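All chains should be modelled from the sequences, with the hints used to inform the complete structure.
Protein chains: 2
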Amino acid sequence: MTTEKQVLDRIERIRRRRPVVREERITLAHGSGGKATRNLIDAIFLEAFRNPLLAPLEDGATLALGSSRAVFTTDAFVVSPLFFPGGDIGDLAVNGTVNDLAVCGARPLYLSAGFILEEGFPIGDLRRIVASMAAAAEMAGVSIVTGDTKVVQRGKADGCYVTTAGVGVVDRPATLSISAAQPGDAVIVSGPIGEHGVAIMLARGELGIEADTLSDTAPLNGLVADLLDTLPTQVRTLRDATRGGVATVLNEVATASGVTVVMDEESVPVRPEVTGVCELLGIDPLYVACEGRLVAVVDGEHAERAVDIMRSHPAGAEAAIIGWVGEDPPGLVLLRTAFGGTRIVDMLVGDPLPRIC
Amino acid sequence: MTTEKQVLDRIERIRRRRPVVREERITLAHGSGGKATRNLIDAIFLEAFRNPLLAPLEDGATLALGSSRAVFTTDAFVVSPLFFPGGDIGDLAVNGTVNDLAVCGARPLYLSAGFILEEGFPIGDLRRIVASMAAAAEMAGVSIVTGDTKVVQRGKADGCYVTTAGVGVVDRPATLSISAAQPGDAVIVSGPIGEHGVAIMLARGELGIEADTLSDTAPLNGLVADLLDTLPTQVRTLRDATRGGVATVLNEVATASGVTVVMDEESVPVRPEVTGVCELLGIDPLYVACEGRLVAVVDGEHAERAVDIMRSHPAGAEAAIIGWVGEDPPGLVLLRTAFGGTRIVDMLVGDPLPRIC
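Sequence lines, in order, name chains P and S. Each number in the numbering used here corresponds to the 1-based position in the first sequence with 49 added. Each number in the numbering used here corresponds to the 1-based position in the second sequence with 49 added.
Hints listed in this document are in silico derivations from the structure and should not be mistaken for laboratory results. The structure presented is a predicted model; accordingly, all values stated were derived computationally and were not measured. You may find that some hints are simply not true.
Identical chains share a label here; the pair holds if one copy fits it or two copies do between them.
Stated by the list, open to error - Calculated lysine to any residue pairs in the SDA-like style (CA-CA distance at most 20 Å, straight line):
1. K54 - P378
2. K84 - P171
3. K205 - E255
4. K205 - T76
5. K205 - A183
6. K84 - Q202
7. K54 - P101
So, in structure tokens, the structure goes:
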């Protein structure tokens, strides 16, 4: 029999290893946002591009530009289907990059858009996507200022892929970081989790399940601004929980900050239809992507205030404290279950939901 | 019989039309960089994203960021094959974005990279591409500071697509613009044209032709800096001649500036093997992509000086004046042929060379 201590020691040993990619070929898991993605980034990209600004675990890079500080970020979008309840690849691509800028503490200003189109893609669908990008940009208060379009032959893409990049200006003193969480901090989510992922799964129509779940795709910059205006130094870490879900974000916080995160299962807001679909499919909502939910680590003494601020904003109406940061064992995320037990919530392994964003 | 005047009138009428996309589906021509691309951009993207910073004919957007001026640009790369004589998709993606920043008068500083990988893509090939990006970034003096990776199922991409975006700072008084060309200006290219396109065509191995043509992929920021340091206001327009070639760039200059460009066929530097391949294929080198050649429109009185500056830089060793800007008829590019005739060089129609970059 192995003790809990032995299990934890083994996990710790594995975590300390220098990252290597053992596979010879790319698998869907490399795009999951979980463990395989992390490995690929560490072993291939960070190894080659090593520079002090490429902060691997942040959602964007903070740069000096003349006398200004800016954040720069990018995301590729390959979601399937392109149109789904609650949104489409267009608003997803705008909101995703807006949110990456916002959670780095920047005021999102400018976006670029690179399109890869498949020969034969309906122009009408492109118009819809572009209109949806324009509407999302207006809602988030950003401008799409530069772009590029390439076309590949039939069978060399899947209709339309969009890669957005974004630039925002940092005009606040906040020093948000994935490695800034401290024991005693509270973990807050801005609303119910897993809705984007479930909406996409249902939209694929392969499951024979019907439910009225809409994607939660939304810009978070307004919510973040409200939070940082009032609690500029008390907010330690902000992330939007996309690929890999809340569980992956909290694992990154625990690892980077060298802390434990203890979640309380009953406090995590999940709508019944999301719980239902996840139970039917045997997946855990904690790993399911959101596209408009903020995970915030906040000084424990100001946690209630942070929740109040979030709840005053439409994007955070159902905000809740879902856990606390502890000291030991460092690098782990634990879940206190509804039945009074505790289990380890590890990073996502494999990819149960490819092409979710 | 129609007179030249009637032909020109007809062209002018067509040019003044509000852009519409008549096709119902995307064709490869929409990715050519020529007429169909222009139409798609005008009718779909500009219509939806209309904002004062989205300058349709420039290679990047010039932005205010706090008290600094920056340029922001993006390009998607779908070149096939991924590896070709003289380069690969990795250095192409870095140099392409570096060059777009440079020709907007910015000092390129930071790049983002978004990867779309096909399931099954060899990790070894990804390593090669990433190493080549790192080397190109070092050579150009830029840092790749942020990125994203998505994976799509087998048959939904073609190995690897890379979308780079770039940010550069504008620390010169130069006001380069595609619409700044004036009668009396000289048109200069920094070296022989068409090499990238010919190298790609040959690398596809479908033509049964062998030649030792290497892609000219290279960063142009050093060359541009030399030029603007000495001739900050005398350089009117800078472009890198990629998709659509020199002919397309000059058509954009002629249209945007409301001038005629008269090229002298015998002055255009083209290596014999490029001429040979183009003749065999029945295509015009003026439309074939370069990936490391600068097209500069310079005040005529300083043209010789500009050529001298370019020739002192390794990237411009074979620079030459290839034509002059005239007043009338506005919006046209004319070529004085080696036989003493004159013909109109229109924008590229269709796409003789899909997925060249």
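Index of numbered hints that the structure contradicts, given in increasing order: Result: hints 5, 7 break, sorted rising.
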